[in-house]
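The residues making up each chain are set out below.
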Amino acid sequence: MKRRIEIICGKTDIVPNFTEISNTPNYVFSPDPNFDVVSLFDREGNVVNLNSWIECAYYVNGGWTNNLSDFVNGEQILFFSLLVFSSIYYAGKNIFFDRIFSS
Amino acid sequence: MKKLNTDSIILKFFLIIFLLLLVFNFFSVSEFEQFDLNSEERISWWLDHYRELRCEYGLSQVLSSFNLDEEIYIRAEPSGSVECFGKNFWVDYSPEKKVEDGWDTYSASKFTIRVSTNVHIDLLLQSLFFLTLISFIPKTIKYKFKYRKIVIFLTTLLYYLHLYGERAYYSSISRDFDYLLIVRDYENSISFNNFYIYSYLLALVIIFYFLMGVLETRLDNIINYFPYIFLLWGTYSSLNLNFFLILLSMIGISCSLDKKPNFKFLVTYSFFAIFWFINSNNENTNFDVDKIRGFVNTSESYGSVLFWILVFYFTVIGFKHIVSISKESIDINLITKNLLISSSLIVIFGLLSSINQIVNFFTYYFFGLNKTGMGSFESIAGNTWRGLAPSAEGVGEFYAFVVLFFIYNFFILKNKMNNYYFLLLLINCYGLFRSNNIAALISMLMILTLFFLQRKITNKKIKLFIILILVIVFLITMFVVFSEYSFDFLSNIMLFEGVMASNIQYEFELNQYNQSAADQANYGLLLELPDERTNFSTSLKYLINSYTYGNKISNVPSLLSVTSTVSYFINRSEKWGIFFSKYNPDFYELMFGYGPYQLSEYFSSHENIYKDGLILPHSSLFSYLLFFGLAGSIIIFCSFLILIYKKREHIYILFLILFLFINYLKSDALLYFPNFILLLFMLNYLYLKKTKAEEIVE
Chain A
-1 MKRRIEIICG KTDIVPNFTE ISNTPNYVFS PDPNFDVVSL FDREGNVVNL NSWIECAYYV
59 NGGWTNNLSD FVNGEQILFF SLLVFSSIYY AGKNIFFDRI FSS
Chain B
1482 MKKLNTDSII LKFFLIIFLL LLVFNFFSVS EFEQFDLNSE ERISWWLDHY RELRCEYGLS
1542 QVLSSFNLDE EIYIRAEPSG SVECFGKNFW VDYSPEKKVE DGWDTYSASK FTIRVSTNVH
1602 IDLLLQSLFF LTLISFIPKT IKYKFKYRKI VIFLTTLLYY LHLYGERAYY SSISRDFDYL
1662 LIVRDYENSI SFNNFYIYSY LLALVIIFYF LMGVLETRLD NIINYFPYIF LLWGTYSSLN
1722 LNFFLILLSM IGISCSLDKK PNFKFLVTYS FFAIFWFINS NNENTNFDVD KIRGFVNTSE
1782 SYGSVLFWIL VFYFTVIGFK HIVSISKESI DINLITKNLL ISSSLIVIFG LLSSINQIVN
1842 FFTYYFFGLN KTGMGSFESI AGNTWRGLAP SAEGVGEFYA FVVLFFIYNF FILKNKMNNY
1902 YFLLLLINCY GLFRSNNIAA LISMLMILTL FFLQRKITNK KIKLFIILIL VIVFLITMFV
1962 VFSEYSFDFL SNIMLFEGVM ASNIQYEFEL NQYNQSAADQ ANYGLLLELP DERTNFSTSL
2022 KYLINSYTYG NKISNVPSLL SVTSTVSYFI NRSEKWGIFF SKYNPDFYEL MFGYGPYQLS
2082 EYFSSHENIY KDGLILPHSS LFSYLLFFGL AGSIIIFCSF LILIYKKREH IYILFLILFL
2142 FINYLKSDAL LYFPNFILLL FMLNYLYLKK TKAEEIVE
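The listed protein sequences derive, respectively, from chains A and B.
Take -1 as the starting number for the first sequence in the working numbering and just add one per residue.
Take 1482 as the starting number for the second sequence in the working numbering and just add one per residue.
Simulated from the structure, these hints should not be mistaken for laboratory data.
One thing to keep in mind: the hints can contain errors.
To be verified - In silico DSBU-like pairs for lysine-lysine, Cα to Cα no more than 30 Å straight-line:
1) A:Lys91 with B:Lys1579
2) B:Lys1625 with A:Lys91
3) B:Lys1741 with B:Lys1630
4) B:Lys1579 with B:Lys1591
5) B:Lys1937 with A:Lys91
What the hints assert, rightly or not - Counterexamples of contact, computed for chain B against chain A with all Cβ distances above 12 Å:
6) Asp1529
7) Arg1535
8) Ser1545
9) Leu1642
10) Phe1676
11) Ser1807
12) Phe1858
13) Leu1931
14) Tyr1966
15) Tyr2028
16) Cys2119
17) Ser2120
18) Tyr2133
To be verified - In silico contact screen, one side only, chain B against chain A (beta carbon under 7 Å); selected entries:
19) Val1563
20) Glu1564
21) His1601
22) Asp1659
23) Asp1666
24) Tyr1667
25) Ser1670
26) Tyr1677
27) Tyr1679
28) Ser1680
29) Leu1683
30) Lys2173
Every residue, glycine too, gets a C-beta built ideally from N, C-alpha and C.
Chain A on its own, in the form it takes in the complex:
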């Protein structure tokens, strides 16, 4: 998530404490005049304009993004598909194949 925050919101020395922000009701993000406004959207298509780095980071951490493909982690799906494929192949080759031929 840190990398995605850096890509969308930019790099900074600020260390955000997302738990504290979430646990503080009525937390108000103060706008940063030096920060270029970032627009993010969520799965439902809601759009939000963010005026400070910490606000942007908080929203990205919460699942908002500026890129449609961020909603699907293709690499994760691919990794588990490959893992399942290799496991089935390995099991098929070493357990069933060997047993059939040894019997």
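Given the coordinates of chain A, work out where chain B should sit on it, guided by the hints.
Here is chain B on its own, set in the frame of chain A:
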């Protein structure tokens, strides 16, 4: 693997092509009626639709969505995500434009459709395709890979180093790129969610596993099928890697664990490697490698330099190992047939891909081409037609080599060949004609003459006499040609081009013809100007100095003058001039080079007026001077000479190697993986050949 090797190769081939097209959503049907793109307004509407709905439509859906007789280009876009693979990324439209310097000629309007590809899917899909093709090679004796798991582990580690070293390139095409296996978040919590790297590594392990499985029963036969790498280049669409480089480096790692290394080679290479590593800037750059992708470093980081040092070493020893275990099974007749089939297929697919843009895209993707095939049947500047190959020059050399190899096999070795192969030879000659590589053609004729003299004339005196007559004819021709030019012009034309390409920041006083000191090649004055104003590279400055003030023997042209003269007649004076205006080594870089396939530092260390585009040295000798320096190039050259001297009895093979050397001197062929492998094959083949003395001893 056993099941893959049934008789129905063609059926399996089409099945795999069908499956791969399916992955590209190629058979999906558009839900819309065709747009009639007969006005700019409707075109704009169509463009907006497909730009906004990125990642929604398959290639065939986009292609069938409009009805217009326009030029269409389909290009791969490597920055696509996994889930968008094979779908629309972007569409572009260029209206007709007046051709520069054209009187009333307009370039046709064209559409460019960019199709999403992805690092991981390309790695898997293209490897699957190449593995399937390798599985068609007939099985022979079983070769046992010792330390199987260690080899897989080490090769995976090596290609992890590649991703780490060239991170600037990979992060430029994927926003999810991260090379860390364990990621630390803001709250110092550790997370294992970098699936980019996990799927890359797992994909590699799976590929290596199956690659070993396929090679195990074919390793000593694979050498007979090496000519197909000129058709199937093996470059991954979105990675800076080549499938066959992976294959050879894996075998190189395997045989390094298994066999004693050649200590002389290892020690010398390690000595150079230490220098290359220390000399590296360790800058995380992203150098655009364009048409030499897959076989050159994109970065100057320590990781990438180390990767290319290791991969070059393992590739060379991997190839040598394959040739040495194939000693008994090398079949020159089969190699000749495969050379002819491969070269003919290059021509045929080149023609097909210039006629149809869908074929053009899929040949680019599945054959692993470095550059999309030519989109037109028409020749380009210089009247060359490169077809599928990235360089007309490189492929022209290949076509000419095929003709020579065919003659070597048919007339010298007296191997029988079917009439069908003569037809393929004609197709090959057509390719040579279209590539318009005059140098390859002339050198081919020269080697053919040598073949003829060696074969037909046994009397040494007559042979010498004919050679003498040929040399005299050549000298007279040269004299006639030279008499049109002044010696002064020819001997400094290369330096003049170098000066013209330099980024000179000096306000010259112009003469009555508006010419500056640079235009007049007034080197004496140019050398007196401060370095920061002339911006000459160290190599160019040295050459100008040597040309102007160097020791001269009267009536004997210097090496520099001869090189410059030759460069003019082989159309290289401009390119070599540009090379020297850019090549800016210090003493150690000149001696040891920048490292194997390390062009980035050469391009970035010194600016000339050519700031954009990849202008290659146009001489493999200069490329190797960049990589291995003067000392390295001399060592390589001396090793060649020793090998040639030892094996001088095999004169016809030496002629074939001579042909490659002559052509490689004036082309970038060694920067292309197939041409590099061709030279490696010929040298290893010569190395394996026994001399008469060795045979007697045996």
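Okay, the hints, checked on the actual structure:
Among the hinted pairs, A:Lys91 with B:Lys1579 is inconsistent with the structure: their alpha-carbon atoms are about 63 Å apart, more than 30 Å. At roughly 19 Å between alpha-carbon atoms, B:Lys1625 and A:Lys91 fall within 30 Å of each other, so this suggested pair holds. Proposed proximity of B:Lys1741 and B:Lys1630 is supported: the alpha carbons are some 20 Å apart, at most 30 Å. For the hint pairing B:Lys1579 with B:Lys1591, the CA-to-CA distance comes to about 14 Å; that is within 30 Å, so the pair holds.
A threshold of 30 Å between alpha carbons decides the hint, and for B:Lys1937 with A:Lys91 the separation of about 60 Å lies outside it, so the pair is violated. At roughly 17 Å from the closest C-beta of chain A, the C-beta of B:Asp1529 stays outside 12 Å, upholding its exclusion from the interface. Under the 12 Å C-beta cut-off, the non-interface status given to B:Arg1535 relative to chain A is violated; the minimum distance is some 8 Å. No Cβ of chain A approaches the Cβ of B:Ser1545 within 12 Å, the least distance being about 24 Å, so the stated non-interface status holds.
A cut-off of 12 Å between C-beta atoms confirms that B:Leu1642 is not in contact with chain A; the least separation is 20 Å. Its closest Cβ contact with chain A, about 4 Å, brings B:Phe1676 to no more than 12 Å, contrary to its assignment away from the interface. The Cβ of B:Ser1807 sits about 29 Å from the closest Cβ of chain A, beyond the 12 Å cut-off, so the non-interface label holds. Taking the minimum C-beta to C-beta distance to chain A, about 38 Å, the non-interface status of B:Phe1858 holds against the 12 Å cut.
No beta-carbon of chain A comes within 12 Å of the beta-carbon of B:Leu1931; the shortest separation is about 54 Å. Distance check on B:Tyr1966: its Cβ is at least 59 Å (rounded) from any Cβ of chain A, clearing the 12 Å threshold; non-interface status holds. Residue placement check: B:Tyr2028 keeps its beta carbon more than 12 Å from all beta carbons of chain A (closest about 51 Å). At the 12 Å boundary, the C-beta of B:Cys2119 stays outside the reach of chain A, the nearest C-beta of that chain being 48 Å off.
Remark: the non-interface label on B:Ser2120 is consistent with the geometry, its nearest Cβ contact in chain A lying 43 Å away (cut-off 12 Å). B:Tyr2133, annotated as away from the interface, keeps every beta carbon of chain A farther than 12 Å; the closest lies near 48 Å. Taken as an interface hint, B:Val1563 checks out: its beta carbon lies about 3 Å from the nearest beta carbon of chain A, inside 7 Å. Below 7 Å, beta-carbon pairs count as interface contacts, and B:Glu1564 has one with chain A at about 4 Å; its hint therefore holds.
At about 6 Å, the closest approach between the beta carbon of B:His1601 and any beta carbon in chain A falls short of 7 Å, and the interface hint on this residue holds. Here the hint on B:Asp1659 is kept, as its CB sits about 5 Å from the closest CB of chain A, short of 7 Å. With 7 Å as the threshold, the beta carbon of B:Asp1666 comes within range of chain A, its nearest partner Cβ sitting at about 5 Å, so the hint holds. Among the interface hints, the one on B:Tyr1667 holds; its C-beta lies about 6 Å from the nearest C-beta in chain A, closer than the 7 Å criterion.
Evaluation of the B:Ser1670 hint against chain A yields a violated restraint, the C-beta minimum of about 10 Å exceeding 7 Å. Proximity of B:Tyr1677 to chain A holds as hinted, the smallest CB-CB distance being about 5 Å (cut-off 7 Å). A distance limit of 7 Å between C-beta atoms decides the matter here; for B:Tyr1679 the minimum to chain A is near 5 Å, and the interface restraint holds. Nearest Cβ of chain A to the Cβ of B:Ser1680: about 4 Å, under the 7 Å cut. The hint holds.
Given the 7 Å rule on beta carbons, the hint for B:Leu1683 holds: about 5 Å separates it from the nearest Cβ of chain A. A distance limit of 7 Å between C-beta atoms decides the matter here; for B:Lys2173 the minimum to chain A is near 50 Å, and the interface restraint is violated.
Checked against the numbered hints given earlier, this structure breaks hints 1, 5, 7, 10, 25, 30; the rest are met.
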